[in-house]
Amino acid sequence: MIVREYYQREAPDPILPDELVLALARRHEPSIQAVTAIDETGGEARVYCLDGGWVFKVQRPQQLRSWTSLEKEVRFLEQIAIDDPSLPVPRVAGHGREGAVEYTLMTRIGGEAAVRTPISAEARPVMLEELGRVIRRVHAIQQEPLGASGLFPEEYTADDLRAGVAEDIGEWAELLAAKNLGWPLPFTPAALIERAQDLVPSDPPAVALHTNPGPTHTFVDPATGRFVGLIDFGDAYIGHPAHDLGRWPVPQDRAAVLRGYREVGDPGPGFFAFLPVAGILADLLAMYRSEAHREAARQDLLATARTWGL
Numbered sequence: 001m002i003v004r005e006y007y008q009r010e011a012p013d014p015i016l017p018d019e020l021v022l023a024l025a026r027r028h029e030p031s032i033q034a035v036t037a038i039d040e041t042g043g044e045a046r047v048y049c050l051d052g053g054w055v056f057k058v059q060r061p062q063q064l065r066s067w068t069s070l071e072k073e074v075r076f077l078e079q080i081a082i083d084d085p086s087l088p089v090p091r092v093a094g095h096g097r098e099g100a101v102e103y104t105l106m107t108r109i110g111g112e113a114a115v116r117t118p119i120s121a122e123a124r125p126v127m128l129e130e131l132g133r134v135i136r137r138v139h140a141i142q143q144e145p146l147g148a149s150g151l152f153p154e155e156y157t158a159d160d161l162r163a164g165v166a167e168d169i170g171e172w173a174e175l176l177a178a179k180n181l182g183w184p185l186p187f188t189p190a191a192l193i194e195r196a197q198d199l200v201p202s203d204p205p206a207v208a209l210h211t212n213p214g215p216t217h218t219f220v221d222p223a224t225g226r227f228v229g230l231i232d233f234g235d236a237y238i239g240h241p242a243h244d245l246g247r248w249p250v251p252q253d254r255a256a257v258l259r260g261y262r263e264v265g266d267p268g269p270g271f272f273a274f275l276p277v278a279g280i281l282a283d284l285l286a287m288y289r290s291e292a293h294r295e296a297a298r299q300d301l302l303a304t305a306r307t308w309g310l
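If you're matching positions, the sequence shown starts at 1 in the numbering used here and goes up one per residue.
Since the hints were derived computationally from the structure, they do not count as laboratory data. Treat the numbers as computed from the prediction; the structure is a model and nothing was measured. Cβ coordinates follow ideal geometry from the N, Cα and C atoms, glycine included. Please note that a few of the clues may not be correct.
To be verified - Straight-line distance between alpha carbons at most 25 Å, and here's what the computed SDA-like set of lysine to any residue pairs gives:
| hint | residue 1 | residue 2 |
| --- | --- | --- |
| 1 | K179 | A190 |
| 2 | K179 | P251 |
| 3 | K179 | I193 |
| 4 | K179 | L70 |
| 5 | K179 | L281 |
| 6 | K179 | A191 |
| 7 | K179 | A296 |
| 8 | K179 | L199 |
| 9 | K179 | P88 |
Claimed, not checked - Computed Cβ-Cβ distance ranges for the label pairs, DEER-style:
| hint | residue 1 | residue 2 | range |
| --- | --- | --- | --- |
| 10 | V264 | E171 | 29 to 37 Å |
| 11 | W183 | T36 | 42 to 50 Å |
| 12 | R97 | E194 | 44 to 52 Å |
Build out the structure end to end from the sequences listed, making use of the hints.
Laid out in structure tokens, this is it:
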């Protein structure tokens, strides 16, 4: 089981002086002259935007957890740069530590996060299909060096997946109850867990996952809605690839991501066997987090459950 615990919530969270940020960044890119902005929208990380299209990323101390790692993100991005350098993801120029500060210097992906950008009905599926193609290419990079690094938590055996499904569905049921939203299905969470576990393939595929290639980390051109790039690989772990297709709350959006994903290559029967389970988890997440998408997610849950004979 993968632990996702924050372990120093009370730690101070100071903004670093520009002089320190620039001194550390210039170890790897001497041409950098100035800090131009500070971005804290990422939650776990703070990003100092620098001139020349660079970003200086640090882990926010009170958000530190075993699940998230700048070193792991660097390793992931370096492997992508070796295997598929044309992928639209950040490129790492340097990584290091100075006292309590761990940092990464990397290129900035242009555009804006999709979550903050209006996208037309015509441009949206095109953007999502391109995202799907990018995710499939990320999943296709060499896996052995990532696993051998010891940086990536693992949830890749059939037993791992069954345990993870039980934990996730049980947790969402508790969270929905705590929020007074109720359980959205006419049968118990235990019945859903049992049926979902039955769909876990005996020999599931496993890859290094981005874990959240959703609206927050998908960047688009704000003028056209065109896909620009994918950021933030610090929560990566080795698990079933279908999990990476479940981070968009609207079922139609997930279907568009899947179309693009399949265009790059057939992911095989072990992928499709588990895909409905990933969809169930995505719907439960959407019900909990998004009032706007709650009813659509509930209807999608019901439709899936009916196909399972529940």
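> Hey, K179 versus P88, does the alpha-carbon distance stay inside 25 Å?
Replying inline: Status violated; Cα separation ~38 Å.
> Has the given pair, K179 with A296, been kept, meaning a C-alpha gap of at most 25 Å?
Replying inline: Status holds; Cα separation ~18 Å.
> K179 and A191: Cα distance at most 25 Å?
Replying inline: The hint holds at about 22 Å.
>> Need the status of pair K179, L70: alpha-carbon distance at most 25 Å?
In response: violated, 33 Å
>> Run the distance test for K179 versus I193: straight-line Cα separation, threshold 25 Å.
In response: Between K179 and I193 the Cα gap is close to 21 Å, so the pair holds against 25 Å.
>> Within 42 to 50 Å: is that where the Cβ-Cβ distance between W183 and T36 falls?
In response: About 48 Å separates the Cβ atoms of W183 and T36, which means 42 to 50 Å holds.
> Is the hinted pair K179 and P251 satisfied, with a Cα-Cα distance of at most 25 Å?
Replying inline: Between K179 and P251 the Cα gap is close to 23 Å, so the pair holds against 25 Å.
> Do the Cβ positions of R97 and E194 conform to the proposed distance bound of 44 to 52 Å?
Replying inline: Given a distance of about 46 Å, which is inside 44 to 52 Å, the answer is holds.
> Within 25 Å, alpha carbon to alpha carbon, are K179 and L281?
Replying inline: holds, 17 Å
> That 29 to 37 Å hint for V264 and E171 (C-beta), does it hold up?
Replying inline: holds, 32 Å
> Quick one, are K179 and A190 close enough, alpha carbons at most 25 Å?
Replying inline: At roughly 20 Å apart (the allowed maximum being 25 Å), A190 and K179 satisfy the hint.
> Do the alpha carbons of K179 and L199 lie within 25 Å of each other, as the hint requires?
Replying inline: It is violated: about 29 Å lies between the C-alpha atoms, which goes past 25 Å.
Figure legend: structure checked against the earlier numbered hints; hints not met, in rising order: 4, 8, 9.
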